Amino acid sequence: DAGVIQSPRHEVTEMGQEVTLRCKPISGHNSLFWYRQTMMRGLELLIYFNNNVPIDDSGMPEDRFSAKMPNASFSTLKIQPSEPRDSAVYFCASRRQMNTEAFFGQGTRLTVV
Amino acid sequence: QQPVQSPQAVILREGEDAVINCSSSKALYSVHWYRQKHGEAPVFLMILLKGGEQKGHDKISASFNEKKQQSSLYLTASQLSYSGTYFCGTEGGAQKLVFGQGTRLTINP
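Which chain is which? The protein sequence lines are A and B, in order.
Heads up, the first sequence is in my numbering, so the first residue is 15 and it goes up one at a time.
Heads up, the second sequence is in my numbering, so the first residue is 30 and it goes up one at a time.
Here chain B stands alone, though its shape is the one from the complex:
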């Protein structure tokens, strides 16, 4: 069963912050985050494992609440290069990796 992402689309000005949410109806072992530019393949950003550890690099970070089966991706002081579609992927067992419908992020100058 696919995780649910919200919002479906976000439009920001450069320098603004954004939060993308991901929730699952199943117990999770891990949550993945990927970004896809138009016409390209999804590219890995980070993975969060059971334990609620928050990860991040540069100005993109994420959290994972395993009790609520939810994850959030935080983009701080957004840059033009952050534009794209963000996908969360969830693993609930049997090594099955399923993705949400995506959140389209547009950053304007």
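So that you can see chain A by itself, here it is in the shape it has in the complex:
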């Protein structure tokens, strides 16, 4: 299995631009998580899905952030418009079910200038 695949690995964009991060979970996994990692806050949960349905988006910082999971093999996290404080590493993780190991993608390092 190829593991969780995220793209792009690095993204540099100008303030005000739209940014879309992509994630392909492991086949057969029913839960998908989006995390943001910063030095100040560690790994912060933004949103998670079960069976493609968003369950809890209380961690999404603002209306500028949105996430979708149109099918079991693809999810996106969109930031529009982007701001410099959005600069961070964004991780996607998937797992089979509750109380099991979560597998992380390699992350997307986002820099907003």
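A portion of the hints provided could be inaccurate.
[Claimed, not checked] One side of the interface only, derived from the structure: several residues of chain A facing chain B at Cβ under 8 Å: (1) 45; (2) 47; (3) 56; (4) 62; (5) 68; (6) 69; (7) 70; (8) 105; (9) 113.
[What the hints assert, rightly or not] Computed list of lysine to aspartate or glutamate pairs in EDC-like fashion (alpha-carbon distance at most 16 Å, straight line): (10) B:125 with A:77; (11) B:55 with B:95; (12) A:82 with A:28; (13) A:38 with A:77; (14) A:82 with A:71; (15) A:92 with A:25; (16) A:92 with A:77; (17) B:125 with A:70; (18) A:82 with A:97; (19) B:125 with A:71; (20) B:125 with A:115; (21) B:79 with B:95.
[Stated by the list, open to error] Label pairs and their in silico Cβ distance ranges: (22) B:133 with A:82: 29 to 39 Å; (23) B:42 with A:87: 44 to 54 Å; (24) A:97 with B:106: 45 to 55 Å; (25) B:123 with A:95: 46 to 56 Å; (26) A:32 with B:79: 37 to 47 Å.
Think of the hints as simulated: they come from the structure by calculation, not from any bench.
Bear in mind that the values here come from a model prediction, so they are computed numbers and not experimental data.
Cβ atoms here follow ideal geometry from the backbone N, Cα and C, with glycine treated the same way.
Fit chain B to the supplied structure of chain A, relying on the hints for placement.
Frame of chain A, contents of chain B only:
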């Protein structure tokens, strides 16, 4: 709500022991432990389920006190390869997995 980890950072010499603590204000179903090397993704170490079972492999073990909503990770006779940032993740229901801020562990020769 994120669990709280302590200490935030630890510096050891190779061969020394370390304990990393994790506590939550909510009732927990399970606690996860992950290690992240610089520039890489977090990697799963172990999961502890309700029941207080202590788990471990090699010289890394962990305990889970569900009544106190606390977990501890024990690293014995640390090796250089143990360096990294350790995260505890907690599940309190609705399959929500949240992580603490991490504990940075540095092992010196």
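Hinted pair, alpha-carbon criterion (16 Å max): residue 125 (chain B), residue 115 (chain A). Please report holds or violated.
holds, 13 Å
Decide if the proposed pair is consistent with the structure: residue 125 (chain B) and residue 70 (chain A), CA atoms, cutoff 16 Å inclusive.
It holds: about 8 Å lies between the C-alpha atoms, which stays within 16 Å.
May I ask you to test the interface hint for residue 70 (chain A) with respect to chain B, counting a Cβ-Cβ separation under 8 Å as satisfied?
holds, 6 Å
Residue hint residue 113 (chain A), partner chain B, criterion CB-CB below 8 Å:
This hint holds: residue 113 (chain A) lies near chain B, its Cβ roughly 5 Å from the closest one there, short of 8 Å.
Given pair status - residue 71 (chain A), residue 82 (chain A), alpha carbons within 16 Å
holds, 11 Å
Would you mind confirming whether the straight-line C-alpha gap from residue 92 (chain A) to residue 77 (chain A) stays at or under 16 Å?
The hint holds at about 10 Å.
Starting from residue 82 (chain A), check that the Cα of residue 97 (chain A) is at most 16 Å away, please.
Violated - the C-alpha atoms of residue 97 (chain A) and residue 82 (chain A) are around 21 Å apart, more than 16 Å.
Does the CB of residue 62 (chain A) sit less than 8 Å away from some CB of chain B?
holds, 7 Å
Holds or violated: the hint that residue 47 (chain A) contacts chain B, with Cβ atoms closer than 8 Å.
holds, 6 Å
Just to be careful, I want the Cα atoms of residue 92 (chain A) and residue 25 (chain A) compared with a cutoff of 16 Å; is the pair within it?
Satisfied, since the Cα-Cα distance of roughly 13 Å is no more than 16 Å.
Interface hint outcome for residue 68 (chain A) [beta carbon to chain B under 8 Å]
With Cβ-Cβ at 12 Å, over 8 Å, it is violated.
Hey, does the residue 105 (chain A) contact hint survive, CB to chain B under 8 Å?
With a closest approach of 7 Å, the residue 105 (chain A) hint holds.
The structure fails to meet hints 5, 10, 12, 13, 18 and 25 from the earlier list, while all remaining hints are met.
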